[in-house]
Amino acid sequence: MRKVLILVLLSMLLFTTGLFAVVSGDPVVEGQLPFLLTNAGQGPGGKMARLLIWQSGAIEDTDFDYNAEPLKEDPNDLTAREYKMLFVIIGSSAKGLGASGITIDEEIARLNKMIEEAKKLNMFIIAAHIEGKARRGNPGSADEQSIDAIAPYADYLIVMKEGNIDGKFTRIAEEKDIPLTLIDNTIDFMQVIKLMFPAE
Amino acid sequence: MLVLMDTIIHYFYFVMAGFFAILLLKNLFKRERRKGLVYDIVYSYVIMVFILRVIGIK
Amino acid sequence: MYLQTTIIAIIMVATFALASWKLKSPEISMVITAIVGALVGGFGFPSRLLVEGMFTYFDVGMIFLTASIFINIYSETGAMNALVRWIVKQFYDRKWLMLILLGILMIIPGALTGAGSVSIFVVGGLVASVMNYMGFTKRRVAAFIYLFAMLAAVSPPINLWAMLMAAQANMPYVGFNVVLLVPIVIIALFTIIYTGTSKTPERKNKEHILSELPLPPEGMNWFKIITPFAVLLVLILISKFAAFSIPVLGLPLTFVICAFVSAMMDRKRWDVRKWFGVMVKTMDQVFPLLATVISVGALVNIMTATGVRGLLAITFITLPMVLIYITALLFAPFAQGALSYGSAIILGTPIIFLFNSIGLNVTVTAAALSFLFPLGDCLPPSRIVGRLTVETVGYEGSYMSFLKAIAIPWLFMGAIGLLMLIFPNQLDFLVVY
Amino acid sequence: MKNPQYLKILFLVLSGVLGLLAGIEFWELRHYKETVVVSEDFTEKVMLSQYLPSLKNTWGDTPIYVYDSGVPGGSMLVLGGTHPYEPATSLATYVMMENIDVTSGKVYIIPHANMSASTLGMLGNAYIKYYHIETTWGQKKFRVGDRNTNPLDQWPDPFTYVHYPSTQNLAYQDIRNLNRTFPGRPDGTLTERISYAIMELIRNEDIDIFFDFHEASLMYPVVSTYVAHDRSMDISMMAAMMLSATQFPMKSEASPKNLRGLTHREVGDFSNTLAILMETPEAFIDRVVGRMSEELMLEGKDEFLQTAAEKGLVYCDYDIYEGFPDALGNMIIGTPMDYRVGRHLSGTLEALNWMNQFFPDKAISVTFPNYVDVMNNGSGHYLHDPSKADPSRVFQN
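Protein chains in written order, with this note's numbering: chain E, 163 to 362; chain X, 2 to 59; chain U, 74 to 506; chain B, 1179 to 1575.
Hints are computed from structural coordinates only; laboratory data are not their basis. Nothing here was measured: the structure is a model prediction, and the numbers come from that model. Just to be clear, a hint being listed does not mean it is correct.
Straight-line C-alpha distance at most 25 Å; calculated BS3-like pairs for lysine-lysine [said to hold, decoys possible]:
| hint | chain 1 | residue 1 | chain 2 | residue 2 |
| --- | --- | --- | --- | --- |
| 1 | B | Lys1307 | E | Lys295 |
| 2 | E | Lys295 | E | Lys246 |
| 3 | B | Lys1489 | E | Lys323 |
| 4 | X | Lys31 | B | Lys1186 |
| 5 | B | Lys1319 | B | Lys1223 |
| 6 | B | Lys1319 | B | Lys1307 |
| 7 | B | Lys1186 | X | Lys27 |
| 8 | U | Lys97 | B | Lys1186 |
| 9 | X | Lys36 | U | Lys97 |
| 10 | X | Lys31 | U | Lys354 |
| 11 | B | Lys1186 | U | Lys95 |
| 12 | E | Lys275 | E | Lys330 |
| 13 | E | Lys330 | B | Lys1489 |
| 14 | B | Lys1566 | B | Lys1211 |
| 15 | X | Lys36 | B | Lys1186 |
| 16 | U | Lys95 | X | Lys36 |
| 17 | B | Lys1435 | U | Lys313 |
| 18 | X | Lys27 | U | Lys97 |
| 19 | U | Lys354 | B | Lys1319 |
| 20 | X | Lys36 | U | Lys354 |
| 21 | B | Lys1435 | E | Lys209 |
| 22 | E | Lys209 | E | Lys323 |
| 23 | B | Lys1211 | B | Lys1223 |
| 24 | B | Lys1186 | B | Lys1211 |
| 25 | B | Lys1435 | E | Lys234 |
| 26 | X | Lys36 | U | Lys347 |
| 27 | U | Lys97 | X | Lys31 |
| 28 | E | Lys295 | E | Lys209 |
| 29 | U | Lys354 | X | Lys27 |
| 30 | E | Lys209 | E | Lys246 |
In isolation and in its complexed conformation, chain E is listed as follows:
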């Protein structure tokens, strides 16, 4: 009942945001299960994506795991299950600086290790930047460093248009020959998930 209600509501939303393509760019890549959902930059984006995946109803809750900071404590995080994909949501947090904030150098080191290991394990890496310009910053910022640590090594990019206003992701996609799917709003990430995992 609850899910039905949400779906009705969301379809109304999609209606209001326009019948136009909310998902554009390269065709959506077919997803593989199970996958590990995670976050680069210690922002809330990973949780947001998890929420949207739940809301999409496209896959079961057991089809993926969420880990905010894999390899931070447990070196076996990536091998805990036979993950087919590593789904990385990029974005730092603006709330709280200094001792309450992120420590970007350690974070980047962890991300590099994570990518290296994922490559070794032959995981399909998806880099998603879904929060728009709020998660874009000046060169050297936590956001940009996180993007640089993940996006060029990905096999697939999902980016909210507003976050690509300077064409950074287009450039990465072209240089590295990575498919790039664009969405209009964060919430349209749900559409991408549905397209990635079409109902049987």
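Add chains X, U and B to chain E, keeping to what the hints say.
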């Protein structure tokens, strides 16, 4: 109990400000240094500030 | 808006210069400048803004007053002379040890309260007279006291600039201790060496000095010398470490309690007239400072109302990074001179956000800025700590010559602060505790 | 040379006149009352001191407006004026209070969470005293207060503020900052007691969702944002995504665990409620802005801030010339008051909507004007004429 002590201290500060206003007033009329006219003006408005606090205006 | 505000700013600067020159009172010059600024800015006669501004640093004024009353009553009991006498006796032949001890002594009150001026009020007189007796020139004494007052303000546990920036930027005031202490030790050592290696040609011999020092009054003993300071230390420590078991005392009441304890140590403890006389004299002595903090608030309020403050802030923070580094040693101290602790909020916080947005360590950045702001405490219009130093030391030359006297260690401290600002990420290993 | 006594007396008198002129203005601001005409669903007004008697007869006491539908459902508490120098927060609660329709559940609204702080201007920041909103029946006047509790009500400050119970050290004046004193303590300072009383209200009335309205400077990264406690993250993230897609740009941030005393952290930690704080952009409180005026407060157009925006120093959309489009196609120029009020109103509605989805057992059903309404008709349209209203529904704050 702490609230009561806080309240007492609160009022003590107003008394203290009042006391300083008196010291300032005394110095306005009779002081050892900076006897110039200009400092009479400075004393006057500083006294005014203390009085506004004492009477709970600001 | 740029042009209009710039014109107002120029008129205000000109008014301040002219008024200071003609009236020889920085306090009233600030108020006149404020009034002129408001008139030019189209605010009419700004009675509300003027008076409201005067309350900005009202509590700071109360701290100045009560701290001075405490220390003057303490001196009146003769305890101060006894203390100076003891220090000279013990350390006459151990100059370096003495300078280090005096430095530590200077740092404690400011470190605990966040205000360098409190250091000068509480121990500055003592340090100055010991150093005078030891034959140091007034220039070196002034430099020593001013520098250590600044370091005291910067020193943990309470660094108000860092705390204010942290508060505004929503970052906890955590992790500052080491990153502040290491540069403080470096600057302190430099200052001690700078002072200690200076020539002391007029140094009298020990017996001569002791004969010059007034003999302590009858019945003076260690208990009487120590107790008032012990009470001060205890009150400050329990305010910090047992804050939930006692009411909020505030520094003014803390000093009043210490003053009362001091008076009770005196033989003629109930001679109310005598104590009242001391307080009247104290008021006379610290009035310029009190008037300064009252007046500077009025000036800042009008600078804000007219947009002059905004103009200064936007100009600084929109400079290219290189120019921010180059001009930091100018902007930060002058902002402090004009805005006092407001400098941290107005220039400091935007810099924190700016630096954060390019991935620089904000804790080191905040610490670095907190070394740059206090440098301005000797600069106009307010120049609070500078004037306090001059008064305490009894420095006789012009204010300009005082600035020259403190220039070398001042620049050293500025250079350290600037280096920290330029290399925050290389120094982030210091953000440990 | 001795200055003549009469001159000294003259100066004193002149200073007295200056003090009097200013004093009258201070007194007026402290005693000016805002009028509100509550909606028909209003049930009762209680005072905060009911939850902590020591607040009685202090300036820390403040009215709580209760709207009880009588139909079972969840309960919500809304704080406006936690920082009175962020006046869109109180105005948003007034628009809510005058128009709210509660069909299930119970709503508590506090328009001036820190009453004391709303009675003075912000020292050294040359704040305007009042702002005026045009309504269909004339102008309505509101106070602009300070960030912190009035020193006349809480004095002195310590030399460092030790937060209870975390013992984190904060700058001394934050002991008078209501959004740094949570969860408060019953025997603390006035501001700590206000916090504690609000916590008691939340705990005793079993509040399901808690909103704390704020406004932020544009150079503050957490502007135009929900800041949510751990338990309310899902609500705020969904609401933010929804609002961004359909109404206006909204971000969502998690409340950091190391930053103590703030509502989004402590209210969540010390009660069972879903705690959410919201920030709108308020150009007026940016430190780099030019001339302080009522216009700047209401329109938020400032050239200096525009420069900052062009240099990438602000953390939300800002343009004083062309404006930027919201999701509905309105061009937002500067940071107008209606925009800010509308954001709080829709921000609340959207979060409620998602709470109802995620926690159907806590569901509340309310309606009040939203962003679209306020943007189309102006906030003033939703403020009613007290002289024509039933006197039993007219209150003073």
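We went through each hint and held it up to the structure:
1. Proximity of Lys1307 (chain B) to Lys295 (chain E) is assessed by CA-CA distance (about 36 Å); at most 25 Å being required, the pair is judged violated.
2. Simply put, Lys295 (chain E) and Lys246 (chain E) have alpha-carbon atoms about 30 Å apart, too far for the 25 Å limit, and the pair is violated.
3. For the suggested pair Lys1489 (chain B) and Lys323 (chain E), the alpha carbons sit about 22 Å apart, so the restraint of at most 25 Å is met.
4. This hinted pair checks out: Lys31 (chain X) and Lys1186 (chain B) have alpha carbons roughly 11 Å apart, not beyond 25 Å.
5. Note on Lys1319 (chain B) and Lys1223 (chain B): the hinted pairing holds, with a Cα-Cα distance of about 22 Å set against a maximum of 25 Å.
6. Between Lys1319 (chain B) and Lys1307 (chain B) the alpha-carbon distance is near 10 Å, which keeps this suggested pair within the 25 Å criterion.
7. For the proposed pair Lys1186 (chain B) and Lys27 (chain X), the alpha carbon gap of about 12 Å is at most 25 Å, so the pair holds.
8. This hinted pair checks out: Lys97 (chain U) and Lys1186 (chain B) have alpha carbons roughly 19 Å apart, not beyond 25 Å.
9. This hinted pair checks out: Lys36 (chain X) and Lys97 (chain U) have alpha carbons roughly 12 Å apart, not beyond 25 Å.
10. For the suggested pair Lys31 (chain X) and Lys354 (chain U), the alpha carbons sit about 11 Å apart, so the restraint of at most 25 Å is met.
11. At roughly 20 Å between alpha-carbon atoms, Lys1186 (chain B) and Lys95 (chain U) fall within 25 Å of each other, so this suggested pair holds.
12. Under the criterion of a C-alpha separation no larger than 25 Å, the hint pairing Lys275 (chain E) with Lys330 (chain E) is consistent with the structure, at around 23 Å.
13. Between Lys330 (chain E) and Lys1489 (chain B), the direct Cα distance comes to roughly 19 Å. Compliance with the 25 Å bound is thereby established for this hinted pair.
14. Restraint check for Lys1566 (chain B) and Lys1211 (chain B): the C-alpha separation of about 18 Å stays at or below 25 Å, so the hint holds.
15. Between Lys36 (chain X) and Lys1186 (chain B), the direct Cα distance comes to roughly 11 Å. Compliance with the 25 Å bound is thereby established for this hinted pair.
16. Restraint check for Lys95 (chain U) and Lys36 (chain X): the C-alpha separation of about 16 Å stays at or below 25 Å, so the hint holds.
17. A threshold of 25 Å between alpha carbons decides the hint, and for Lys1435 (chain B) with Lys313 (chain U) the separation of about 22 Å falls inside it, so the pair holds.
18. A hinted pair counts as satisfied when its Cα atoms are at most 25 Å apart, and Lys27 (chain X) with Lys97 (chain U) qualifies at roughly 23 Å.
19. Between Lys354 (chain U) and Lys1319 (chain B) the CA atoms are separated by roughly 49 Å; this puts the pair beyond 25 Å, and the hint is violated.
20. Only pairs whose Cα atoms come within 25 Å are accepted, and Lys36 (chain X) paired with Lys354 (chain U) is accepted, the gap being roughly 14 Å.
21. A hinted pair counts as satisfied when its Cα atoms are at most 25 Å apart, and Lys1435 (chain B) with Lys209 (chain E) qualifies at roughly 17 Å.
22. Distance hint between Lys209 (chain E) and Lys323 (chain E) is fulfilled; the C-alpha atoms sit about 20 Å from each other, no more than 25 Å.
23. About 16 Å separates the Cα atoms of Lys1211 (chain B) and Lys1223 (chain B), which keeps this hinted pair within 25 Å; it holds.
24. With a C-alpha separation of about 39 Å, the suggested pair Lys1186 (chain B) and Lys1211 (chain B) falls outside the 25 Å cut-off, and the hint is violated.
25. Between Lys1435 (chain B) and Lys234 (chain E) the alpha-carbon distance is near 19 Å, which keeps this suggested pair within the 25 Å criterion.
26. With a CA separation close to 23 Å, the supplied pair Lys36 (chain X) and Lys347 (chain U) stays within the 25 Å bound.
27. Taken as a hint, the Lys97 (chain U) and Lys31 (chain X) pair is honoured in the structure, with Cα atoms around 20 Å apart against an allowance of 25 Å.
28. A hinted pair counts as satisfied when its Cα atoms are at most 25 Å apart, and Lys295 (chain E) with Lys209 (chain E) qualifies at roughly 18 Å.
29. A threshold of 25 Å between alpha carbons decides the hint, and for Lys354 (chain U) with Lys27 (chain X) the separation of about 10 Å falls inside it, so the pair holds.
30. With a CA separation close to 20 Å, the supplied pair Lys209 (chain E) and Lys246 (chain E) stays within the 25 Å bound.
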